[in-house]
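Chemist: The chain contents come next:
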Amino acid sequence: MIYVNDLRKEFKKAIKEPGLKGSVKALFSPKNEIVKAVDGISFHVPKGEMLGFIGPNGAGKSTVIKMLTGILTPTSGTCEINGFIPQKDRQRYVKEIGVVFGQRTQLWWDLALRETYAVLKEIYDVPDKEYKKRMEFLNEVLELDEFISSPVRTLSLGQRMRADIAASLLHNPKVLFLDEPTIGLDVVVKDNIRNAIQKINAEEGTTVILTTHDLADIELLCDRIVMIDKGKKVFDGQLNDLRHEFGQMRDLQFELISKSDISKLNYKADLKLSDEDVKIENEKSSVSVRFDSEKVSVEDILSYTLSKVHVKDINLKDADIEEIIRRLYRQEVSIDEV
Amino acid sequence: MKFKKFIRTYKPFTRAGMLESVQYRANFFCFLIGEIMSCFIMFFVWKAVFLSSDSETFMGFTMEDMVVYLFITFLTGYLTYSDGTYAIAMEIRDGSIAMRMIKPCSFDMCFLFQELGNKIINVLFIFAPLVLGVEAYRWAITGECQFQIQHFLLYVISLVLAYLISFYFNVSYGFMAFYLKNLWGADILKEVIINFLSGATIPLAFMPEILADVLGFLPFSSLSYTPVMIYMGMYSGMEILSRILMQIFWLCFMVVLSKIIWNHAVKRLCSQEG
Amino acid sequence: MRRMLRLHRIFVAQYMKNLMEYKVDFLTGAISFLLGQAVQILFLGIIFSQIPDLVGWDFNEILFIYGFSLIPKGLDHLFFDNLWSVGYFIVRKGDFDKYLTRPINSLFYVIAEKFCVDAFGELAIGLILITYSVIQLKLTITWYMIPLFIISVVFATLIYTAIKIATSAISFWTKASGHITHMFYMTNDFSKYPTTIYNKFVKNIITYVIPFAFTAYYPASFFLTGENPLFCIGGTVLASTILFAVSVLIWNRGIKAYESAGS
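Order-wise, the sequence lines are chains Y, W and E.
So for the first sequence, our numbering puts the first residue at 1; every next one is plus one.
So for the second sequence, our numbering puts the first residue at 339; every next one is plus one.
So for the third sequence, our numbering puts the first residue at 613; every next one is plus one.
The hints are simulated quantities; they were obtained by calculation from the structure and are not laboratory data.
Virtual Cβ for every residue (Gly too), placed ideally from N, Cα, C.
Don't take each hint at face value.
Claimed, not checked - Label pairs and their computed distance ranges (CB to CB):
#: 1; chain 1: W; residue 1: 373; chain 2: E; residue 2: 720; range: 27 to 37 angstroms
#: 2; chain 1: Y; residue 1: 1; chain 2: E; residue 2: 817; range: 50 to 60 angstroms
#: 3; chain 1: E; residue 1: 667; chain 2: W; residue 2: 598; range: 48 to 58 angstroms
#: 4; chain 1: W; residue 1: 397; chain 2: E; residue 2: 817; range: 27 to 37 angstroms
#: 5; chain 1: Y; residue 1: 103; chain 2: W; residue 2: 479; range: 57 to 67 angstroms
#: 6; chain 1: W; residue 1: 342; chain 2: Y; residue 2: 32; range: 33 to 43 angstroms
#: 7; chain 1: E; residue 1: 858; chain 2: W; residue 2: 485; range: 44 to 54 angstroms
#: 8; chain 1: E; residue 1: 839; chain 2: W; residue 2: 378; range: 19 to 29 angstroms
#: 9; chain 1: E; residue 1: 752; chain 2: W; residue 2: 373; range: 37 to 47 angstroms
Chain Y on its own, in the form it takes in the complex (with noise of 0.2 angstroms):
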């Protein structure tokens, strides 16, 4: 379906020197550098599969769903997409993606809503039949009828990226990109658009690829994720994979019986763990550990934690998705690792 091979974006990006005399020099000696976006990224996404997209800010995700979508064109290295390399037969393959950037919208700002879909009719030549079929199914998903009468300068947040992902479905098209589609929504709306999507999904097999910064639309939506990283791809695989390879990180929560036993618990100097290995909060009666399970197994933290105190319950967490990526943001985990 997809296929990404050694993907390359460079940019040229003038230097410049602060102030005033650095614009007047900047106007007599221009000079550049060249910023490598993308440095040569490859994967292959099957059809019908939902593929996250993520990494921090400036990592290049944008990038490349702007080369995947025939918006860029690349230094270097090749995209395919349902047999189409996108900048070569671009009308004919757009005609087969949606795409929808959270951060902008495609619909006619002063029209009413319904007046951007008959336009959409038109442009993607979507038979009157289809069409009304289309509506109907977008509507049920995507619950359109309150506002489709209404201008689109009027819609909220949450209705614009309602109503663009709809405009974006119009023409049936077999691979949907999705850069940032809960970008500043409320909770419920969220929830609304991450079920939306699935429906899709599940119902049309559309193939989904999707940026985002939200943990929780990768954890609920995703079916395998691609990591990038200063240009660089740094994970590819299912989530659960990441969670087994970077995962042990393990959270033990103990409640106590007595609330004075806490100061018997000394994990660091009992155990001879440093600030890396373990984290320990508590509060009132219950005191949670967090440690590496490659330094330390459960059963020591366990044995250790009943030989000192009386215990009520026993809380074992898996490993947290969310922690997994803050800490490769931060590079905690190495690339090499992977």
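Add chains W and E to chain Y, keeping to what the hints say.
Modeler: Here is chains W and E on its own, set in the frame of chain Y:
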């Protein structure tokens, strides 16, 4: 002391304005070339007119006068141009005008000093070349230097007054355009009206006497015609004095007008947002 | 082609609905334009009150050339005005993304999206001036004049459009090029007057480099005198075709260099 603080408060705005115009210098030059082109077209038209005419003068203007008129009018128009109308309407539209209200400095002064920075760069780049070019042309045509320092200095004074009138006029107009809710049309209308009433398109001297007299009393002639005529030495000493006094009167008028409109707008903006 | 025409009609219809929201704005714009032209013509009138003719052309002939110049300018303004936005902000803000993710030609899409009704001001004044001067000059209209007029107007319009396409495409490399478009576009004012009033340098530029002289003076002089049809009309067609082909080439190259905006 007060003055020093005043300068300290507003200097950053001037600096920002200068930076901005240096940054967009390529745009600035392109724009300039595009605009000055119309001067050259008119130059050729006038050359043809004088060629086709039996007389040495056209309604009292010689070819040399006409050239000076064209280019100095362009220079004056360029330097007194103020972007207030558009800038204000845009700020109102996207709401950033609220930021102006919470800053501890006067609204019009921020704008003025920002634009001043812009003007400083413009003056550096086009003032000297244009004045030198015009004077060189006059010298070449008449065989003697026509440059008169006292007229030039009075021109500069009149030019500064003209800019300030233009600035406050544009501030007032910007707020009015906002009330009328039709910025784009209003902006074009303003350009056309000003160009005609200020004598920039057709010198007031070419118009019927009654019309020319009426226009002479309106604020628009203060924007362009007055400084240009002073530069050309068309006015006597008394006339210069009365013309500059007229400019001062219109400046005061525009300042007061803009304050009234601004106060009114603040009330309205606040009630709109609350 | 038929699909494009249908799409264009739909865009225009949408745009008109849009426009109705800004009626007053549009009206003020059109009136201002009429006023501006009236002032220009008044100015010509003042000039001709003092001289019998300008380099051999009398007042009515100058009005004809002036009026002719407004027709292609107005048509270009009517249909192709959105190109200005490409150079001023569509590319800089990254909004060009939208045009690239649609299954229609991006140039066509940008152009068709906007329809500038205020251009009717230019077209009306142009037609009035032409009609007035034709009557005053008692020009005899032969049958072949009509198709030739239409051809020259169409190709003259393309000269405007091609210059706008080529210069706004520069923004794909430089982010913004509205001012470059402005610079080139302003040269069109040269075409309002007979090229014989200019010196050789200017004349060559507006004939061979930025061929605005073919948008008014050359074709108009043919209709006034009946002389030089090959150069006046043929030249218009040739200049416009070459320029248009080059501009589309630049545009297509530009798309490849487009860098979008933001992350």
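Chemist: With reference to the structure, classify each hint as holding or not holding.
Modeler: Evaluation of the provided hints:
For residue 373/W paired with residue 720/E, a C-beta distance near 32 angstroms keeps the hint of 27 to 37 angstroms intact. The hinted window of 50 to 60 angstroms between residue 1/Y and residue 817/E holds, with their beta carbons roughly 54 angstroms apart. The hint said 48 to 58 angstroms for the Cβ distance between residue 667/E and residue 598/W, and at roughly 52 angstroms that hint holds. For the hinted restraint 27 to 37 angstroms between residue 397/W and residue 817/E, the CB-CB distance of approximately 31 angstroms keeps it satisfied.
The given range of 57 to 67 angstroms is respected by residue 103/Y and residue 479/W, whose C-beta atoms sit roughly 60 angstroms from each other. For the pair residue 342/W and residue 32/Y, the supplied restraint of 33 to 43 angstroms holds, since their beta-carbon distance comes to about 42 angstroms. A C-beta distance of roughly 46 angstroms is found between residue 858/E and residue 485/W, which places it inside the suggested range of 44 to 54 angstroms. At about 28 angstroms, the CB distance of residue 839/E to residue 378/W agrees with the hint of 19 to 29 angstroms.
Take residue 752/E and residue 373/W: their Cβ atoms lie about 41 angstroms apart, and the range 37 to 47 angstroms holds.
Checked against the numbered hints above, the structure breaks none of them.
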